[in-house]
Structure formats: C-alpha cells, structure tokens
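Visitor: These are the residues of each chain, in order.
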Amino acid sequence: MNVELVLFFVFAVATLLSAGLVIFAKNPINSAMSLVASFFFLAGIYVLLWAHTIAALQVLVYAGAIMVLFLFVIMLLNLGETELGAPRLTLSRIAGGLAALGLFAGLALAIAHAPQVAGVMDAGSAASFGTLRALGVDLYTRWLFPFEAVSLLLLVSMVGAVVVSKSRI
Amino acid sequence: MVPTQYYLFLAAALFCMGMFGVLTRRNALVVFMCVELMLNAANLTFLAFARQRGDSIGHISAFFVIAVAAAEAAIGLAIVIAVFRSRGSVNIDDMKTMKH
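If you read the protein sequences in the order shown, they are chains E and P. Letter by letter, the first sequence follows residues 0 to 168 of numbering that gives the first Met the number 0. Letter by letter, the second sequence follows residues 0 to 99 of numbering that gives the first Met the number 0.
Bound conformation, chain E alone:
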C-alpha cells in the first residue's frame, strides 16, 4: 500500500465524516464549519489528482469566500430555537434516506461494472498538467468566451443579490 493510497483513504474518510456532520448537525453554524472542513479535505484529494490550481481555488473561493458569506448570513438571521429543528425520524426522512441509498447503489453498480481503462498519463509525464500556467493558457485561448460569460454572470448575480435583498429601491 503506497503513500498515495493511504493519503487518499485518510482524506476520503475525513471528507465523508465532515459531510455527514453537515447534514446531521442541529445548529446551522456547526453545519457551515463542517462544510469548511469538508472543503479542505477535498482540496487535499484534488492535490492527489494533480489539480493544484483547482485545489487552491477550492480553498480560496469555496472555503474562503463562499463559506464566509454563508456564516455571515446565518449570524445575520439570528435564528430562534424553533428554527434549529430537532432531528426526528419522519416519513420524509426515511423516504429520503431510501432514495439516497438507492441512488448510491445504482451509481456504485455502474462504476464497478464500467470497463477498466488504463490511465493515459503516468505520474510526472506531463510536467505542466494542472498548473496555474496551463490552466491560464487554456482559459485565455480556447475558453476565452465562456470565461468572459462567467464574469458577466458574476456581475448579474451581484446586481441581483442587491435588488432581491434590499427591501425598497
């Protein structure tokens, strides 16, 4: 068992445990903090996949910016005790659990029965794979128009957030 596999299992188990805490935590603040932990462990898995740039973006944008926004909103709303919602075993929860288990069983069967394809690339064969330079060159040449469209999307969402959340304009 090599180091890469050990690291993968450590990060995978930690990711799944903190994702479980997101779902089962009573207080939304605890959910948000476990989600930050889950994003950090996922960033570790992205590094194992040689996606260094995406791992950095995951920590900066997801764990940094988006989760700060979440925490800010949770604390701004100041939810009462009734909002926290005690965990109960209701019919919808049982149905949701069965649906999730069914979907996972289907996906696992499909993945297990998929034909094994050998990896095209060996570790270290492509020195530039996953680096910021490679991603930037690709983004600004082949994917320039989608990149600009995303910037427009972010502008629209900023204006929309102001319009929706402001009571009177």
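Any given hint could turn out to be false.
Unchecked claim - Quick look at which bits of chain E chain P covers, simulated, 3 or more residues with Cβ under 8 Å:
#, region
1, 1 to 12
2, 38 to 49
3, 101 to 112
4, 145 to 159
Claimed, not checked - With a cut-off of at most 20 Å between alpha-carbon atoms, the simulated SDA-like pairs for lysine to any residue come out as follows:
#, chain 1, residue 1, chain 2, residue 2
5, E, Lys-25, E, Ala-133
6, E, Lys-25, P, Ser-88
7, E, Lys-165, E, Ser-91
8, E, Lys-25, P, Ala-70
9, P, Lys-98, E, Ser-166
10, E, Lys-165, P, Ser-88
11, E, Lys-25, P, Asp-92
12, E, Lys-165, P, Asp-92
13, E, Lys-165, P, Val-82
14, E, Lys-165, P, Gly-87
15, E, Lys-25, P, Lys-98
16, P, Lys-95, E, Ser-91
17, P, Lys-98, E, Ser-164
18, E, Lys-25, P, Lys-95
None of these hints come from the bench; they were simulated from the model. Glycine included, every Cβ here is placed at the ideal spot set by N, Cα and C.
Please build the complex by placing chain P on the supplied structure of chain E, with the hints as guidance.
Guide: Structure of chain P alone, referenced to chain E:
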C-alpha cells in the same frame, strides 16, 4: 496512482449524502450547503477523469462550476434573506409562494 474508480465511488457517496440532506433538512441554509456538497461531488468526478485522460478540460469545467456556485450562493442567500424578512422563518415547509 489511485484507481479512478476510487475517486468515482467517493464522488457518488458525497453526491448521495448531499441529496439526502436536500431531501430531508427543512432549514433553507442547510439545504444550500448540501447543494454545495453535490456540486463538489461533480467537481471531483471532472477532476478524476481529467487525471485519467491527461487533458485539462476537466479542470476548466471544475473552474466554471466553482464560479457558478459562487453566483448561486450570492443569489440564493439574497433570496433567503428576503424570505426571512417577509416571513420571519427560513423553514422551507412554510414557503409555498415567492410572493408576499
């Protein structure tokens, strides 16, 4: 190199946990967080296949998913704030209409 199947199993488990949360939690904020979990599962799948195939299209897709998730979080949280202001609750069982 860790087999691609392992990453796909992890992504499937993460996606199903996110789906379970979306289906069962009643707090709109926690539902949003579970949607983020599902988006991350999709990202993990993109990156696993990018690593297997050795091209960077998966990385570009993951980049766009992160950008769209940021836009979605901004709009979604603004809607949650607007709903909380008009109803005093973020329980999605109480939300039957978007008008006030």
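Visitor: Which hints, by number, does the structure contradict?
Guide: When the structure is compared with the hints, numbers 5, 7, 8, 12, 15 and 18 turn out to be violated.
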